[in-house]
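Numbering (this note's numbering), first residue to last: 1144 to 1718.
Any given hint might turn out to be false.
Unchecked claim - Only pairs whose alpha carbons sit at most 16 Å apart, straight line, appear in this in silico EDC-like list of lysine to aspartate or glutamate:
no. : residue 1 : residue 2
1   : K1526     : E1596
2   : K1635     : E1196
3   : K1603     : E1178
4   : K1313     : D1302
5   : K1493     : D1483
6   : K1433     : D1483
7   : K1493     : E1570
8   : K1461     : D1211
9   : K1635     : E1178
10  : K1386     : D1459
11  : K1526     : E1595
12  : K1526     : E1178
13  : K1386     : D1211
14  : K1433     : E1344
Claimed, not checked - Between beta-carbon pairs, the in silico distance windows are:
no. : residue 1 : residue 2 : range
15  : L1516     : L1688     : 24 to 34 Å
16  : E1379     : S1636     : 23 to 33 Å
17  : Q1155     : T1639     : 54 to 64 Å
18  : I1316     : F1517     : 47 to 57 Å
19  : F1521     : D1459     : 26 to 36 Å
20  : M1355     : F1545     : 49 to 59 Å
21  : L1516     : S1600     : 18 to 28 Å
22  : H1662     : M1355     : 55 to 65 Å
23  : I1405     : F1517     : 28 to 38 Å
24  : A1169     : G1458     : 37 to 47 Å
25  : M1355     : E1648     : 52 to 62 Å
26  : L1370     : D1434     : 46 to 56 Å
These are computed hints drawn from the structure, not numbers from a lab. Here the structure is a predicted model, which means the values were calculated and not measured. Note that CB positions come from ideal geometry on N, CA and C, so glycine has one too.
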Amino acid sequence: MDGSSNRENSRQVRIDSILIFALGMAAFLIAPMTEFVGLESRFALFAETMLREGPSFFPRTYLGPYPDYPATCTFLIYLPARLLGHLTPLLAILPTAIISSLILVATYKIGSLHSRIWGWCAVLMSLLTGEFVLASRSISPDQCTTLVTSFCVLWTLRDIFEDRRGIVWKFAIAFAAGFACRGPIGMVLPAVVVIALHLAEGQFRRAVFIGMISAIVLSACVGLLILSANHDGGPEFVGEVLKMQMLGRFSGAHSSAITYWIRSSGWYAAAFPLAAAVMIFSSRRLLAPKDFESRLLRSLAVWALIVLAVLSIPGDKKARYILPASPAFALIAAYYFTSDLPTLFLRRCKDVVVGIFNWTPVICLISASVILLFHDRFTPPLKITRVVAAVALLTLIAFTNFWWRRSSSTKLTSSGEQVQDRRGAIERRLAFAAISFLTIQIGVVETILVREEGCASFRKAVATGLSHNGGRLVFWRLGPDQEDIKLMAGLKSDFTPGFAGTTDELFKRDPSTLFITRHEEFEGMPDEVSRRIVVSARGKIGHELCVAFRLAATRRARLGDGPELPDEAVEITNH
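Start from the sequences and build out the full structure, keeping to the hints where you can.
Set out below in C-alpha cells:
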C-alpha cells in the first residue's frame, strides 16, 4: 500500500472513530433510567455526599469514608452535577457513557489494524452484548478498567505488528489511571494483559521491561493509596482499604474457578459464545499463526483468556468484573463476518448466526409486543410509555430491514458484485440487529429492571413521613450498607440515619422517629411491641419488601389488622 493510500485509510479511520464515538454517546445517553438502581444507588449517594461536603480521596456516605473504591469515579460524576447544582440519572451516567464510547473507538481501531470492516463489525457486536450495554448505560467503575485495558492492547499491538518501540510513559500513565479509578485491579489487569501479549510474540525483554514499569507504578500507587486512606480515615481505615481492595479479594465466599468460563455465555451473549466457538475451532491457527490475521486473532484470544483466568482467582465473582474482556469477545466474534473461516463447523455457525440476526428485529418486536399486552400482569404494573415507544420503533426497523433486503437482492448482476453485496448485507443485518437490541434493552429491559430494583414509591412515602418529624429515621435490623443505601440515595437529605437491632432500642428513640425494617423482621416482633406500632407505609427496596412504622403510646395498629394497606400505601400521622 503506497503512502497516499495509507494517508487516506488513516483519515477514514479517524472519521469512523468520531462517528463511532458520537453513535456511542447517543446510544448510552438516550432515555436514561428514571431512578438509581443496584450499584448506581451507592455511587449516587457518594456523589450527593460529595456535593454537600466537598471532594475527598475516598467516597463518603453517612457511615463515613467508604473503603471499596477510590473517589475518582465519584469525582467524575461530581463535576457535571456541581456545574448544574444537582444530581440526575443523566448526569450520573455521563462519565460512563463517555468512557464506553471511547471503548468502542478503541475496539474499532484494534479491528481496523486488519480492516475497517472488522472494526465496524466488532463495534456492532459490542452493542449486541448485554452486559456491555447495561454497564455503559449505568454507573460502572469497571468500564474504566476496560478503557485502560483496551487502549493498552491497541498500543501494544501497534508496537508488535509495526515492529516499533512505543513510548513507555503512556503505559505508565494508563496503569496509574486504572489504579486511580478502580484500585489495584484496575492497574494489575491491563498490565498482565500487555505482558502476556509480548510473551505470546516472543518479546521477552519487552515483557520484562513492562513488568518492571508496572511494578514501579503499582508500588507508588499503593503508597499514595495508604497515605490518602490515612488522611481520610486514620490507621483503622487504612486496614479496611487494604482488606477491601487487595487482601479481601482472596477471602470470603468463593465461587467456582470456572464461574466466568460458563456463565459468560449468558452474561456476554452474543459476543462470548461466538468468540468461544472461534477460539475452540480455530485452535490450530491460533497456536501456529502464519499470517497477520492469525496473529491478530491469537492476540485477541490471549487478551480474553488472561482476563478470565486472572479474575477467576479472587473469591468474589460478578459479571461486571470481566468487562475488560468484552472488547476482545466482540473482536473475536467479528471474525465470523470478516474472514474466511477455517472449518466447516464455523461456516455453518456463521449461516445460523446471520439468519438469527436477520430476524432479530422481528424477534424483538414480538417480545416487546407480548410485554405490552401483559404489562398489567406485573405487580405493580409496568409503566408502558417506553414499551409503546419500543414497539413502534421495532416495527419501523423490521419493515425497513425487510424492504432493504428485497431492494438489495435485485442488484446482483455478476459474481464479484454478489460477493460484495453479500458482505455488505451481513453488515446491515448486524446494524439492524444492534439497533433492535438497544431498543428492547432501553424500552423493555430497563423498564422491568426499574420495576424490580427501584423503590421510588416507597422512598416518596418515607420522605413524606420525614417531613413531619424533622428527619429522624432509624433502620431496625436493616443495614448498614444494605437496602439503606438504596433508599437514602434518592432522599437528597443531609441528615444521618440511625441503626438499631433490638426491641429495647426502639423505645429509646423519639416517639416520632420513623423506623424501617424488612417485612419478615416486622412480622416477628413480640406482641407487646407490635401493639404499639403505627404502620406508615410499606413497599419494596430492591427485592426486599420493607415496612415503615413508628411507635405510638395510644394508637394500636399492625400490618394485617383492619383494612389491608395496598403496596406502596402511605399512612403518615403526627404525634
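Hint by hint, here is what the structure shows:
1. Note on K1526 and E1596: the hinted pairing holds, with a Cα-Cα distance of about 14 Å set against a maximum of 16 Å.
2. As the CA atoms of K1635 and E1196 are separated by approximately 13 Å, the hinted pair is consistent with the 16 Å bound.
3. For the proposed pair K1603 and E1178, the alpha carbon gap of about 12 Å is at most 16 Å, so the pair holds.
4. For a cut-off of 16 Å, the pair hint linking K1313 to D1302 stands: about 13 Å separates their Cα positions.
5. Straight-line distance between C-alpha atoms of K1493 and D1483 comes to about 11 Å, which keeps the hinted pair within the 16 Å bound.
6. For a cut-off of 16 Å, the pair hint linking K1433 to D1483 stands: about 15 Å separates their Cα positions.
7. A threshold of 16 Å between alpha carbons decides the hint, and for K1493 with E1570 the separation of about 13 Å falls inside it, so the pair holds.
8. Between the alpha carbons of K1461 and D1211 the distance comes to roughly 15 Å, so the proposed pair stays at or under 16 Å and holds.
9. Of the supplied pair hints, the one linking K1635 and E1178 holds, its CA atoms being roughly 13 Å apart against a limit of 16 Å.
10. About 13 Å separates the Cα atoms of K1386 and D1459, which keeps this hinted pair within 16 Å; it holds.
11. A C-alpha spacing of about 12 Å is found between K1526 and E1595, which places the hinted pair at or below 16 Å, so the restraint holds.
12. For a cut-off of 16 Å, the pair hint linking K1526 to E1178 stands: about 13 Å separates their Cα positions.
13. Using a Cα cut-off of 16 Å, the hinted pair K1386 and D1211 holds, with the two alpha carbons roughly 9 Å apart.
14. For the suggested pair K1433 and E1344, the alpha carbons sit about 12 Å apart, so the restraint of at most 16 Å is met.
15. For the pair L1516 and L1688, the beta carbons lie near 27 Å from each other, so the given range of 24 to 34 Å is met.
16. The beta-carbon spacing between E1379 and S1636, approximately 28 Å, falls within the hinted interval of 23 to 33 Å.
17. Taking the beta carbon of each, Q1155 and T1639 are about 56 Å apart, inside 54 to 64 Å as hinted.
18. Range check, I1316 to F1517: Cβ separation about 52 Å, and the 47 to 57 Å hint holds.
19. Distance hint check for F1521 and D1459: the Cβ-Cβ separation is about 31 Å, which falls inside the suggested range of 26 to 36 Å.
20. Between M1355 and F1545, the C-beta spacing of about 58 Å keeps the proposed range 49 to 59 Å intact.
21. Here the CB-CB span from L1516 to S1600 is close to 24 Å, well matched to the stated 18 to 28 Å.
22. For the pair H1662 and M1355, the beta carbons lie near 56 Å from each other, so the given range of 55 to 65 Å is met.
23. Taking 28 to 38 Å as the suggested C-beta distance range, the pair I1405 and F1517 conforms, at roughly 32 Å.
24. Checked against the hint of 37 to 47 Å, the pair A1169 and G1458 passes, with Cβ atoms roughly 39 Å apart.
25. The hinted window of 52 to 62 Å between M1355 and E1648 holds, with their beta carbons roughly 56 Å apart.
26. For L1370 paired with D1434, a C-beta distance near 50 Å keeps the hint of 46 to 56 Å intact.
Checked against the numbered hints given earlier, the structure satisfies every one of them.
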